[in-house]
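Asker: Here the protein sequences line up with chains P and U, keeping their order. The opening position of the first sequence corresponds to residue 1 in UniProt numbering, with each subsequent residue numbered one higher. The opening position of the second sequence corresponds to residue 1 in UniProt numbering, with each subsequent residue numbered one higher.
Treat the hints with caution; some may be incorrect.
The list cannot tell twin chains apart, which means a pair is met if one copy fits it or any two copies do.
Said to hold, decoys possible - In silico DMTMM-like pairs for lysine to aspartate or glutamate, Cα to Cα no more than 20 Å straight-line:
#1 Lys131 to Glu44
#2 Lys131 to Asp12
#3 Lys131 to Asp10
#4 Lys202 to Glu188
#5 Lys131 to Glu188
#6 Lys151 to Glu40
#7 Lys202 to Glu114
#8 Lys131 to Asp171
#9 Lys151 to Glu218
#10 Lys131 to Glu191
#11 Lys202 to Asp137
#12 Lys151 to Glu188
#13 Lys131 to Glu180
FYI, nobody ran anything at the bench for these hints, they're computed from the structure. The model shown is predicted, which means the values in this text are computed figures rather than measured ones.
Protein chains: 2
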Amino acid sequence: GHRAGLVPGDSDILVIARQLHEGNALAGVLLHAGGSYHCETDAEKAAAAEVERQAAVRTAESIRAEGMQVSMVSVGSTPTAHYAENLEGVTEVRAGVYVFQDLVMAGIHVCALEDIAIGVVATVIGHRPDKGWILCDAGWMALSRDRGTAKQAVDQGYGVVTALDGEVYPDLIVANTSQEHGVMMLREGSEAALPDLPIGTKICVLPNHACATASQFEEYVVSDDRHTQATRWSRINGW
Amino acid sequence: GHRAGLVPGDSDILVIARQLHEGNALAGVLLHAGGSYHCETDAEKAAAAEVERQAAVRTAESIRAEGMQVSMVSVGSTPTAHYAENLEGVTEVRAGVYVFQDLVMAGIHVCALEDIAIGVVATVIGHRPDKGWILCDAGWMALSRDRGTAKQAVDQGYGVVTALDGEVYPDLIVANTSQEHGVMMLREGSEAALPDLPIGTKICVLPNHACATASQFEEYVVSDDRHTQATRWSRINGW
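With the rest of the complex left out, here is chain P (with noise of 0.2 Å):
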């Protein structure tokens, strides 16, 4: 309703649901719970599911009732895939976030920073101490545009900056990027310390939303838990 698509009770999805039947292509109906982004406390989320699953059993229902079959009722968004408490009618939970987490996630508190599984490492390459800067090779072409957390509670900049072992420095955000460098600096407001980062050093930004930053990249490197041995794994780009 928010996007593309019908509203649940539009009475085109009837006529259309006709017309896909006639021509033997009516699979079934889907809906993504786009909304439930902005849903703070875990009854919220569980309300947003469980509105997600009406709408899509109702529909799906409201077509039987016209004597076609619909077999498929897929439903999902991370926020209401984790926090459903009912799926009965649904046969598809689909969540894309879910794999890695991101700091839209984790701001909207379905996930711990630590539960983020994906991460852009960087190399630190100057310093502005006049500014309380310190500059690393990661702009926008590697972190992506997306400023998910611009209006949560919580504004994490362009991500949240952690030592390669995960570790996170109190405080340390990319908080301004140009295309090819990003400047961590202290969030404001912070009486941190901006930690000792020598250049060369390298460092690893969590991101603000996992799909938006990973399409920068042509693959995945995969490290094991001690960062000692890596895989990588392709990935498919495009739209």
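Please build the complex by placing chain U on the supplied structure of chain P, with the hints as guidance.
Answerer: Chain U alone, transformed into the frame defined by chain P:
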């Protein structure tokens, strides 16, 4: 000065130049006049080019005055590359966007809309007449999240929509995007009529920022004047 690097006149420039010289690694000086992206008038752009030139040439001269050789004096940005009136002392002008031009450059009158030589071809996939929307299959995965015109005099959303022959649909822009969908709408306040674009119609979206949009793709499709033949050129992506 606004991003990385040292400000003209900083005494550290000579210290670093000396270190590089002693390591036999001093090639020259390099600037990027990114501030020129905010120049509206021709006179402002010409003035920015001269400021850029003087900063580069004077810095090079200050290093030469210490007995070191500076062979390269490199400046550049698409606006200053176009509007420079004097390049004395400069050995290299770098500009990137000028290859294609884009809406940001059109917004500061470096080019006209019809000069923009890059666009994303997409397909109309739906209509929401209740909202005045035409949906296409290019979202921010295809167009990038760059909103470089957001603070310009004319905000072009995620891009200006044209027919495949380049003819601009009056006031039609991609006003919103989700990951795989674009929402085309008339510009706010427009009195134009929404064009009749049936599902399946191919349209073209001119990008805000050629660099950001091109980086979403692995190759260019280069067409002849009549759009009957196309060649594919590969890109180097990554950072």
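Asker: Hint by hint, note whether the structure agrees.
Answerer: Here is what the structure says about each hint:
no.: 1; hint: Lys131 to Glu44; in the structure: neither (41 Å within a copy, 27 Å between copies)
no.: 2; hint: Lys131 to Asp12; in the structure: between (58 Å within a copy, 16 Å between copies)
no.: 3; hint: Lys131 to Asp10; in the structure: between (55 Å within a copy, 15 Å between copies)
no.: 4; hint: Lys202 to Glu188; in the structure: neither (24 Å within a copy, 46 Å between copies)
no.: 5; hint: Lys131 to Glu188; in the structure: within (13 Å within a copy, 39 Å between copies)
no.: 6; hint: Lys151 to Glu40; in the structure: within (12 Å within a copy, 31 Å between copies)
no.: 7; hint: Lys202 to Glu114; in the structure: within (18 Å within a copy, 44 Å between copies)
no.: 8; hint: Lys131 to Asp171; in the structure: within (16 Å within a copy, 42 Å between copies)
no.: 9; hint: Lys151 to Glu218; in the structure: neither (29 Å within a copy, 32 Å between copies)
no.: 10; hint: Lys131 to Glu191; in the structure: within (16 Å within a copy, 47 Å between copies)
no.: 11; hint: Lys202 to Asp137; in the structure: within (10 Å within a copy, 38 Å between copies)
no.: 12; hint: Lys151 to Glu188; in the structure: within (15 Å within a copy, 24 Å between copies)
no.: 13; hint: Lys131 to Glu180; in the structure: within (19 Å within a copy, 38 Å between copies)
In this structure, the hints that do not hold are numbers 1, 4 and 9, in rising order.
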